[in-house]
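**Q** Assemble the whole structure, with the sequences as input and the hints as a guide.
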Amino acid sequence: MIINGIKIENTFAEAFPMKVVRLIITADSKYWLKQAANNVTGFATSVIACGCEAGVEKEIKSSKTPDGRSGIAVLLFAMDSKGLAKQVLRRVGQCILTSPTTACFSGLESNEKINLGSAIRFFGDGFQVSKKINDKKIWRIPVMEGEFVIEDKTSITNGIGGGNILIIGNSNGEVLKSAEAAVKEMKKVNNIILPFPGGIVRSGSKVGSKYKSLIASTNDAYCPTLKGITKTKLSKSNESVLEIVIDGINEKDISLAMKKGINIICKKFNKGIKSISAGNYGGKLGPHHFHLRDIMK
Amino acid sequence: MSYLVLKLKKKLKFRINLGLLTPDKIINKEISTIKSLKITYGKEKKEISNFFSISGKLKNGILLKGNLNKCDFIGDNMKDGKIIIKGDVGDYLGNQMKGGKITVYGSSSNYTGASLKNGEILITKNTGDFLGSSIQGEKLGMSGGVIIVKGNAGHRVGFKMRSGVVYIKGNAKDFIGCQMIAGTIIIKGKIGFNVGLLMKRGTIILEKQKLSAPYLNYNGKNNYIFLKVIQSYLEKISDEFKYIFPNTYIKKYLGDINCKGMGEILILK
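If you read the sequences in order, they're chains L and S. Going from the first sequence to our numbering is simple: count from 1 and add 1401. Going from the second sequence to our numbering is simple: count from 1 and add 39.
Mixed in with the good hints there might be a few duds.
[What the hints assert, rightly or not] Derived lysine-lysine pairs resembling DSS-like cross-links, with alpha carbons at most 27 Å apart:
hint	chain 1	residue 1	chain 2	residue 2
1	L	Lys1533	S	Lys229
2	L	Lys1459	S	Lys84
3	L	Lys1538	S	Lys239
4	L	Lys1537	S	Lys208
5	S	Lys118	L	Lys1537
6	S	Lys227	L	Lys1537
7	L	Lys1533	S	Lys291
8	L	Lys1431	S	Lys281
[Stated by the list, open to error] What the simulated footprint calls covered on chain L by chain S, stretch by stretch (three residues with Cβ under 8 Å from a Cβ of chain S suffice, anywhere in the stretch; the number is not a length):
hint	segment
9	1467 to 1473
10	1530 to 1538
11	1544 to 1551
Since the hints were made in silico from the structure, they are not lab data. Just so it is clear, CB atoms sit at the ideal spot from N, CA and C, and this is done for glycine as well.
**A** Written as structure tokens, this is what we have:
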């Protein structure tokens, strides 16, 4: 398949099941909202070493948040519920509780729940107060600034991690520009995050390594500097590859984000970009397969 | 809308207990069976059809009509469904209720919502003493649910209250939140003496008051954003709660300092 001169490889992105939580952060000002959101999703690019993958999903209007202030929704993904609960407790406790004027609420509804305020409340040292209205419960934790308000529990649900596209081109500059444009477009889709810095990853990995202690190592088949010595998937003229990784709540929105990203690249960057591919492990690792050509039909 | 309609035939001489008439208790009963349900009247047991004309179907709930101020325990232990009352009702309305909704287009007497566990009670006029309190001899008052009174309330609102929300649009008399353990009481009108006496925890929110009781400590002003959160939760239950907390930067008193001192009285203006 060729779209506007760019080859869409006959391959698929391989993704795997994860557990996901959506947290809604609110604050008095957009500045502190962004501070809290950026901190709670910081150092969360890959489960390989970060414990979770996280990112900002969307901004929420004040009329849609529980306390009537502007909000930001963040998504956090981990391999299992226990791991997710651990990350949520650490990150909310260290990054949202500490940010001035913020409050934190659950942004999902499901039967599976993990502790949120019910664990953080102990910081209140006995001075914390709960408020329960029907099935909703919040905690008010006294802090030096006033009170930190946080919902008692948050729902979690099944998510998908590892949707991706690989952008292959003949110059670093063009590939980066096209990736940036794709990220901008993909961020418009709800229910997904792009967990890497600026949504882009340059160090795509393969499973395993010659070093036994490593579970992942550089994807040498896509390293332009190794074309001469490895079983490369690049042509002689290809000089740069960047990857965009997508985690999402469902397959539909991950596919939509991939489609939007590829579309903008094909529309605006057909001179510098040569092909679009995707990372997979032969279909053995994850049950979710996003076939590029099916998505672009 | 299809309701099982019970209309009071005559003025009652003695008090009657209507606790057996809740939607969840009679859901599978034929109308003839309902008519023959026995209730105590004075020293006798009489069929309910002696007092009420009964018609309609229990599809949307029960509709009670007439001056029912001698009918007690309406909605007793109710788990689900809807009861609408057009007229005044007696004591213990919604006693230990666990779910559903009771609407009274009139006034209720004492112990309304006593030991309420969940569900919603709406009174369009006034209510008596011990609203949302514990029933006599019990340790805990209401432990969940929402009570809305559009008129005034009597003494000891929320006595030993444990959780839930009481909202009074009018005035309330003395000893509001007395021995309160937790929960939220909101009063828009005037209040009597000794608000929050012996309260351990919980929140009493008042519209405009100057408090000087010796058992309360003035705590200064701060921004209590949780008010907006509970407002948004309450708005989903009833439109009555729209804009009830226009301002969150408000005064707070803590008390009763002779108990734990963790109860709070917030003054909206």
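**Q** Each hint should be assessed against the structure and marked as holding or not.
**A** Taking the hints in turn, this is what the structure says about them:
At most 27 Å may separate the alpha-carbon atoms for a hinted pair to count; lysine 1533/L and lysine 229/S meet this at roughly 26 Å. Proposed proximity of lysine 1459/L and lysine 84/S is contradicted: the alpha carbons are some 65 Å apart, above 27 Å. For the proposed pair lysine 1538/L and lysine 239/S, the alpha carbon gap of about 20 Å is at most 27 Å, so the pair holds. For the suggested pair lysine 1537/L and lysine 208/S, the alpha carbons sit about 23 Å apart, so the restraint of at most 27 Å is met.
For the given pair, lysine 118/S sits about 19 Å from lysine 1537/L by alpha-carbon distance, which is consistent with the 27 Å threshold. Under the criterion of a C-alpha separation no larger than 27 Å, the hint pairing lysine 227/S with lysine 1537/L is consistent with the structure, at around 24 Å. At most 27 Å may separate the alpha-carbon atoms for a hinted pair to count; lysine 1533/L and lysine 291/S meet this at roughly 20 Å. A distance of roughly 25 Å separates the Cα atoms of lysine 1431/L and lysine 281/S; the hinted pair therefore holds under the 27 Å criterion.
Counting residues of the segment 1467 to 1473 of chain L whose CB falls under 8 Å from any CB of chain S gives 4; the rule of at least 3 is met. Residues of the segment 1530 to 1538 of chain L with a Cβ under 8 Å from some Cβ of chain S number 7, which satisfies the need for three, so the listed coverage holds. Counting residues of the segment 1544 to 1551 of chain L whose beta carbon lies closer than 8 Å to any beta carbon of chain S gives 3, which meets the minimum of three for the stated coverage.
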